[in-house]
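Protein chains: 2
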Amino acid sequence: MNILILGGDGFIGSHVVDKVVGLGHTVTVFDRFSYRVSKHLEHLRGKLNFVSGEFANRDVLKHVLENQDIVYHFICTTNPASSWNDPFIEVEQNLKDSIQFFELASECGVRKIIFPSSGGTIYGPQSGRIAEDTLPQPFSPYGITKLATEHFLNYFREHANIASDIYRIGNAYGPRQPVNNPQGVIALWMKHILEGSEIQVYGDRQTLRDYIYVEDIAQLMTHSLHDTDSSETYNLGTGIGVSILDLLNVFIDTIDQPFQYKVHPRRSFDNTSVILDSSRLMAFFSGFKFQSLKEKIIDTWCYVKENYTPPQKP
Amino acid sequence: MNILILGGDGFIGSHVVDKVVGLGHTVTVFDRFSYRVSKHLEHLRGKLNFVSGEFANRDVLKHVLENQDIVYHFICTTNPASSWNDPFIEVEQNLKDSIQFFELASECGVRKIIFPSSGGTIYGPQSGRIAEDTLPQPFSPYGITKLATEHFLNYFREHANIASDIYRIGNAYGPRQPVNNPQGVIALWMKHILEGSEIQVYGDRQTLRDYIYVEDIAQLMTHSLHDTDSSETYNLGTGIGVSILDLLNVFIDTIDQPFQYKVHPRRSFDNTSVILDSSRLMAFFSGFKFQSLKEKIIDTWCYVKENYTPPQKP
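Line by line, the protein sequences are chains E and G. Take the first sequence: its letters are residues 106 to 419, numbered as in this note's numbering. Take the second sequence: its letters are residues 106 to 419, numbered as in this note's numbering.
Rather than coming from a laboratory, the hints here were simulated on the basis of the structure. Possibly wrong hints are sitting among the right ones.
The list makes no distinction among identical chains, and a pair is therefore deemed to hold if it is satisfied within one copy or across any two copies.
As the list claims (entries may be wrong) - Calculated cross-link-like contacts (lysine to aspartate or glutamate; reagent style DMTMM-like; alpha-carbon spacing at most 25 angstroms):
id	residue 1	residue 2
1	K167	D191
2	K124	D191
3	K201	D191
4	K367	E171
5	K201	E159
6	K201	E255
7	K144	D309
8	K167	E197
9	K410	D382
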């Protein structure tokens, strides 16, 4: 099949590209490539099509959507923390541009869209393991917009008969996660360690997160390729809650460099507990073993150390 | 208290104005007043402040928000049918402008916002009576945007400590509902009868709606004035499901003018069944009796006949 991966040179997107190319599909990656060089996909040069462009540009996007069967949509300009003080940017950049993309995909005959939603922000305050039919109570602009985007995919299913799978992903971590302008606490802490600055730990033993390794995410998201006509919403997490203090202990045990840290109360834009019940998806992956957090934090740390370049001063 | 009613010269808004003025509050109505004349509130001239302006205009809106305690927000440029083929207009006009309003209200120290959401579109496909904790599955741009607006009110509660009550209203009908460019099936049918054109009936005995008279809505929405600090989401309907064919029979029995009609299958943007369980709200209104549909359709028809002016040709 012809598979387009929007934002395929990013963190999760590039791991999905690795998996999908490995399955033998014809892959196009659409992203902003500076100087025609990809950040994470040079090892696949010759095995896929690179298209550089702006997601908001209607004509460019329409051109790249032609003849595509399935599109993964990893383009997102924000994160929960950055959007906390700027609700407009979510609507202006992420929601509007996604709706435009869904419209163009419908016009171009795309059969299915795969959308990474946010298990960490759309459910809001909950306790215990969260299943997909839990009442979402998002309260950050990031989570609100992710959920509205899910709903617009429902609309395009009804209105334009385009299928869609939605993955509500837990706390992703792993190689290629941006360390400057970081999205996740693991990348953020590693950045501070590299820079010699103090780690700020927000939360306590009740602040639970479902950390999932990016390669596991990528592999599980290939599930959507088996059926181009079905539509479903899946949680995508390990189902294991790790407290922020336990995560700190993993860092203390594994990071081969001394660092300082300071523990603070939970912030208002963070949920207390996010543990995803992913049994709907895992029913298709009998015997699947999630990667060990401790081992993969070591691997991630090695990657980050090797690839870190301090932000350039203007 | 100082109470601002945005869109207070509209259908539901103007009935709320009647009730709130009757309770002795200091009321300001913000709407587009052509030639400084209100459509529905001339009987209250001298008893309230009229401010004419555009909701999207930040400076005008900020000026009118100063010193207000509570704001009802009835401004909405679309309806479920009009938005079915134009998802952008919902985001561009309703969602973005509402977020701007919430921001300005926070800055101006408004204590509470009251928002009319849509019981008919946010829940999506459901059966039986729907309570507020039912998983919403909106699939029309209108319903998706109403739900996202609810969620942004959650955000402003957390982010700016502004309270909000949300009313998920059933199928409103009654005097002052627009007959040209109509929003509800009752107003639409009356328009067709007046124009001598055939009524198009979409649905069957399973197409159930919760029709609620506008004066009941207005009275029940004054509940929010009792506590300026609390926030809650309320269904606002009668809890009685009336099929589209039963509604047709009410018209046949009560309308004193012959008319033609044709029955079609349900349209894709209509839900099968919408019956709201409003017991959360009605717990505050012991002994409340909803108006009779048959009697109030007669009253509405009398009002519509007296006030109808055909649309002017350009």
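Structure-based check of each hint:
no.: 1; hint: K167 to D191; verdict: between (29 angstroms within a copy, 18 angstroms between copies)
no.: 2; hint: K124 to D191; verdict: neither (35 angstroms within a copy, 36 angstroms between copies)
no.: 3; hint: K201 to D191; verdict: both (15 angstroms within a copy, 12 angstroms between copies)
no.: 4; hint: K367 to E171; verdict: neither (51 angstroms within a copy, 42 angstroms between copies)
no.: 5; hint: K201 to E159; verdict: both (14 angstroms within a copy, 22 angstroms between copies)
no.: 6; hint: K201 to E255; verdict: both (13 angstroms within a copy, 18 angstroms between copies)
no.: 7; hint: K144 to D309; verdict: neither (36 angstroms within a copy, 57 angstroms between copies)
no.: 8; hint: K167 to E197; verdict: both (20 angstroms within a copy, 22 angstroms between copies)
no.: 9; hint: K410 to D382; verdict: neither (33 angstroms within a copy, 57 angstroms between copies)
The structure fails hints 2, 4, 7 and 9 (numbered hints given earlier, in ascending order).
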